[in-house]
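Use the sequences and the hints to build the structure in full.
Which chain is which? The protein sequence lines are A and B, in order. Residue 1 is where the first sequence starts when you use my numbering, and the numbers rise one by one after that. Residue 1001 is where the second sequence starts when you use my numbering, and the numbers rise one by one after that.
Since the hints were made in silico from the structure, they are not lab data. Note that the Cβ used here is the ideal one computed from N, Cα and C, for glycine as well. Relax, there's no trap hidden among the hints.
The calculated BS3-like cross-link candidates involving lysine-lysine, where the alpha carbons are at most 27 Å apart (straight line), are:
(1) B:K1254 / A:K273
(2) B:K1106 / A:K104
(3) A:K273 / B:K1243
(4) A:K214 / B:K1254
(5) B:K1220 / A:K27
Computed beta-carbon distance windows for the label pairs:
(6) A:E48 / B:N1170: 34 to 42 Å
(7) B:R1066 / A:E310: 51 to 59 Å
(8) B:R1020 / A:N61: 48 to 56 Å
(9) B:R1020 / A:V312: 47 to 55 Å
(10) B:M1001 / A:K288: 45 to 53 Å
(11) A:S218 / B:P1238: 20 to 28 Å
(12) A:P303 / B:P1225: 32 to 40 Å
(13) A:N50 / B:F1218: 33 to 41 Å
Residues per chain are reported as follows:
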Amino acid sequence: MSNLGIYIEIKKGKIQKNVKEVVSLAKSSGNTIFGVIFTNEFQNFKDELNGFDKIINVKGNDMVFHPDSFSETIAEIIKEHEMEYFMGSYSFKAKEIFPRIAGKLNECSLVNDCVNYNFGTGIATKPVYSGKLLKEIEIKNKLKLITLRSNVFPVEDLDAGSPELTEKTISDKIRSKVINVKKSESKSIDIMDADIIVSGGRGMKEKENFQILKDLASILNAGVGASRAAVDSEFASYNMQVGQTGKVVNPKLYFAIGISGAIQHFVGMKTSKIIVAINKDSEAPIFKKADYGIIGDLFKIVPMLKDELEKVL
Amino acid sequence: MNVFVLIKQVPDTEAMLSVRNGTSINEESIKWIISPYDEYALEEALKLKEKDADVVVNALTLGPVRAEGALRSALAMGADNGIHIECNEDLDIETRARMLAETIKKESDTGLVFIGKQAIDDDSNQTHILVAEYLDMPITTNIISFKLEGDKVTCEREIEDGDIETVEMNTPCVVTASKVLNTPRYASLMGIMKAKKIELTKITLSDLGNISTEKKTFTKRLFAPPEKAPGRLLEGEPEEMVKELVKILKDEVKVL
Ligand SMILES: Cc1cc2nc3c(=O)[nH]c(=O)nc-3n(C[C@H](O)[C@H](O)[C@H](O)COP(=O)(O)OP(=O)(O)OC[C@H]3O[C@@H](n4cnc5c(N)ncnc54)[C@H](O)[C@@H]3O)c2cc1C
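The following block contains the structure:
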């Protein structure tokens, strides 16, 4: 049995939803599961820590997320507990933290964005070339750093148990200074967190027309995404772009509205559980990739869809 | 001041990829390009050089012989030097990052390293940060604006939820470029002619001192994901299609 650590990410005052997936997979390995949580308000989270054998609560004066202090602290923890694995969900913060840990420690390998990890064979599976292909990588290093793609792994019902709690002081090694944070004006959900995404393309014709997508999204509690053509035409901002040079998303439900389905867009959303396309051109390639398609004018279909959803939800 | 721009040669985004021998891609008929984000990194370095004649822009790539093409493109856009770490082997990512860092360390007076925020081939998303760690330099990723005053770098970066963070660091440091940072220039005809005459610096593993090349990760298999079953076009009047869709989403596939 080895020691396996998990980064318990906190986002907007809550434990990030995909952490459960990581714990569920890790638990199946039979290793001792350590959770590392950065907070001065541990009591707010203590009832949500099912599955962990031990919890390390990192505390300190400056608990604002900074990849330097977080990664330095985790690197220390990994060494102190001679962990053989350290895992997390492949989130924005993990993208910053995990490579830093890899750079600070010897004899370790990091594989990001895994869609499978087999503890028996030591083989990780991950998408490459924007998901055009999958790669199986055997990790033979002493320390394995592994991040998991979100919404891929089943969440098990795990027992609450009574994890042993220890505390640790956060590192103060910070090499860049955040001098300002400008909050986004958009109130919609970040597409990286959304279970449902409503995306619009060039077919939306004008920036103002994105409002009908936002209306639809608000009923569905969805995020609003866009194709690159929509971003380049300034209908939408770059942080909404889905695709090879935008965000790779993996929601339960993805609406491609007025989007033709170019390969660069498709690779950014192809692993969505269900893809719905709405397009007036019956020849649009998106229909070959969608689970359900409606041929028609989006300006007619989308408001209708909104009304129908309002009735049933 | 020396400025390094890390360039990676990758298959064109349109490329249809097939697998050869179970573990690598079939390179025949692939068109190779500079990884798109690296072009934003290069453009930012070139803008710096336009403002300050003391800036020397070194384009650095690691890859097989064909990767020279990416360096030629970078030189044609305006880079001063092209450095090619030639290696064909499927080395571990940490080893490759160490080779890049050691190459940068060979030069003195390095102020900045620009890299694209990610390469679009192996999607391993760590080389940029590993290089910064091995160089012992601070790094800011995902930048959308960049300013250098004396030895202070100020940049804005996109973080979660569309929020924008302003970050300060001192040089020497590493930044990784996002798309909104700038609009990369096209190479001029004169640039292309000039680039042809510049001699590339070739570096091999033995030039870099003691880097262990012992492999710890092994590609076991590369394969195309299973194709999705063909989808279903709904039929009828718009009202009917919409009703049918909502019914399916709610009751059949249960994603609402
Ligand atoms: C290096 C590179 C990187 C790229 N990265 C990305 C990326 O990350 N993400 C991305 O999305 N693209 C990317 N692209 C661009 C990609 O190739 C396509 O150009 C882009 O995705 C097209 O966007 P679109 O589908 O909105 O526009 P179009 O292809 O113009 O399609 C618009 C669609 O809207 C439909 N339409 C129009 N009016 C209506 C209406 N009233 N009702 C219903 N349907 C209507 C049309 O039939 C058409 O199918 C990249 C390209 C390159 C070269």
